[in-house]
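**Q** Sequence:
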Amino acid sequence: MFKSINQYGSEAYRAEQAKMLPINKLTLLAQPLQKSQCLSQAIPGRWLNLNELKKIQSVDKELIAQGQEKAMKIAESSRCNPMRFDSEIFRLPTLGRFSLLHDILVALKGLGRIGTYTMPPLSILAALVGGGAAHSSGELFWEWFLFFLVYSNLIMSLPCVIAFKGIPLFEKLLGPKIYGDIKPRYEFNRVTGRVKIYHAKTGELLHDFPFTECVAETWAQVGYQGIVVKNTLNLRHYQNAKACIKGGGFGDEYRLTDTYATWNFIQCYMDTSQPLPDIPAFEIWRSSDPATITRDRITQRNPRFWRDMTQEEAQALFDKQAAINLAQPEPISSH
Numbered sequence: 082m083f084k085s086i087n088q089y090g091s092e093a094y095r096a097e098q099a100k101m102l103p104i105n106k107l108t109l110l111a112q113p114l115q116k117s118q119c120l121s122q123a124i125p126g127r128w129l130n131l132n133e134l135k136k137i138q139s140v141d142k143e144l145i146a147q148g149q150e151k152a153m154k155i156a157e158s159s160r161c162n163p164m165r166f167d168s169e170i171f172r173l174p175t176l177g178r179f180s181l182l183h184d185i186l187v188a189l190k191g192l193g194r195i196g197t198y199t200m201p202p203l204s205i206l207a208a209l210v211g212g213g214a215a216h217s218s219g220e221l222f223w224e225w226f227l228f229f230l231v232y233s234n235l236i237m238s239l240p241c242v243i244a245f246k247g248i249p250l251f252e253k254l255l256g257p258k259i260y261g262d263i264k265p266r267y268e269f270n271r272v273t274g275r276v277k278i279y280h281a282k283t284g285e286l287l288h289d290f291p292f293t294e295c296v297a298e299t300w301a302q303v304g305y306q307g308i309v310v311k312n313t314l315n316l317r318h319y320q321n322a323k324a325c326i327k328g329g330g331f332g333d334e335y336r337l338t339d340t341y342a343t344w345n346f347i348q349c350y351m352d353t354s355q356p357l358p359d360i361p362a363f364e365i366w367r368s369s370d371p372a373t374i375t376r377d378r379i380t381q382r383n384p385r386f387w388r389d390m391t392q393e394e395a396q397a398l399f400d401k402q403a404a405i406n407l408a409q410p411e412p413i414s415s416h
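When you read off a place in the sequence shown, starting at 1, and then add 81, the result is the number in this note's numbering.
Worth flagging that the hints you see were computed from the coordinates, not collected in a lab.
Values in this document were obtained by computation on a predicted structure and should not be read as measured data.
Take these hints with a grain of salt, some might be off.
Straight-line distance between alpha carbons at most 35 Å, and here's what the computed DSBU-like set of lysine-lysine pairs gives [what the hints assert, rightly or not]: (1) Lys253 to Lys327; (2) Lys323 to Lys100; (3) Lys327 to Lys136; (4) Lys282 to Lys106; (5) Lys264 to Lys136; (6) Lys136 to Lys246.
Computed Cβ-Cβ distance ranges for the label pairs, DEER-style [to be verified]: (7) Leu287 to Gly148: 20 to 26 Å; (8) Pro410 to His288: 29 to 35 Å; (9) Glu92 to Ser368: 21 to 27 Å; (10) His280 to Ala403: 32 to 38 Å; (11) Gly219 to Val310: 46 to 52 Å; (12) Tyr198 to Glu294: 45 to 51 Å.
For each residue, glycine too, the CB sits at the ideal point set by N, CA and C.
Start from the sequences, fold in the hints, and give me the full structure.
**A** This is the structure in C-alpha cells:
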C-alpha cells in the first residue's frame, strides 16, 4: 500500500462530464470521435501482451530484492521522471534535439538485428551461385566460392553486426549525453484533469487544456493501390487543431478498432470516478487510487494478479481481450 493515496478535486475528469463538442478544422476525411459517458472494456493490445507482462514481472523481482520499504521509495521517486505511466499521470517523453538521432539509431539497430541473422545464409547462397558460375566457366569452384563468401559477408553481414552490436555500445558510452536531454512531450494528468503538449525540442509548454475539451479523430491511410495500410488516431482540442497529440504513442492505431480501443482507454484512464484499467503496468499503482482500491476490495482482486500469472494464463486473457476489442461498438461520432 502506498503511503499517500491520490486525492482528486472538482477539476479532475469524470465520464459523466462527457458531452458533444463542435470540432473545428477537422482533418480531411477524418471521422470525429467524441467522449462517452458509457465506456467499454476495450484496452489496446499495446498494454496487454507478453512483453508488458515480462517487463512488470522483471521490475517486480527487482523491487522485491530491494525490500518493501525501499521499493516503495523507488516507486514514489518515479513520479518525478519525464516519462510517467502511473495512477496520476500518463506522460510521454521526447529526447529534445537528440530525437532524430535516437530514431535513426533505433532503426539501424533493428535493421542490424534482422541482417545479423539473415545475411550469413544469403552470403552462403551468393557464394554458391558465384562459385557455380565460375566453375561453369572453367574456374576453380572453391576458389571463387571463398572469394564470394568473404566479399558478400564484408559488404552485407559485417555492417549488420556492427549496427546490431555496435550501436548499444555507442549508446552506453554517449547515453548520458543523448538520453540526459529527456523532456516531457505529451501529458494526461488525472489529478488536474488536464492535457499538456510540450515543444518536441525545447520542452516548452505549448498547450494546456482540460480533458473535457479533448476530442479525437481517426482516418484511414490509403496505399498506392487504394488499400488501407493503417488507421491513424489524433487526440486534440476541439477548437484548436494545432493542440494535437499523435494517438499512436498511447495505444494502437493499425486497424480502425485499434483507434477506437485507444480512445476508449484514454477516457477510462482519465475517468477518476472509475478504477484504473486493469493492465500489468498499473498493478503496483492500484493501491494509490481511491476508486481502484474500493473496486479491488469489493471484487477481492489478488493484488499480484498479473505479477503471479504464467505466460500461458496471460495469453489466454490477451486473446480474449483482443476479441472484445474487435467486437466493441463504434464510439460516439459528430456525424
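**Q** Now tell me, hint by hint, if it's right for this structure.
**A** Against the structure, the hints:
no.: 1; hint: Lys253 to Lys327; in the structure: holds, 29 Å
no.: 2; hint: Lys323 to Lys100; in the structure: holds, 21 Å
no.: 3; hint: Lys327 to Lys136; in the structure: holds, 24 Å
no.: 4; hint: Lys282 to Lys106; in the structure: holds, 26 Å
no.: 5; hint: Lys264 to Lys136; in the structure: holds, 23 Å
no.: 6; hint: Lys136 to Lys246; in the structure: holds, 22 Å
no.: 7; hint: Leu287 to Gly148: 20 to 26 Å; in the structure: violated, 42 Å
no.: 8; hint: Pro410 to His288: 29 to 35 Å; in the structure: holds, 30 Å
no.: 9; hint: Glu92 to Ser368: 21 to 27 Å; in the structure: holds, 23 Å
no.: 10; hint: His280 to Ala403: 32 to 38 Å; in the structure: holds, 36 Å
no.: 11; hint: Gly219 to Val310: 46 to 52 Å; in the structure: holds, 50 Å
no.: 12; hint: Tyr198 to Glu294: 45 to 51 Å; in the structure: holds, 49 Å
Consistency with the previously given hints fails for number 7 only.
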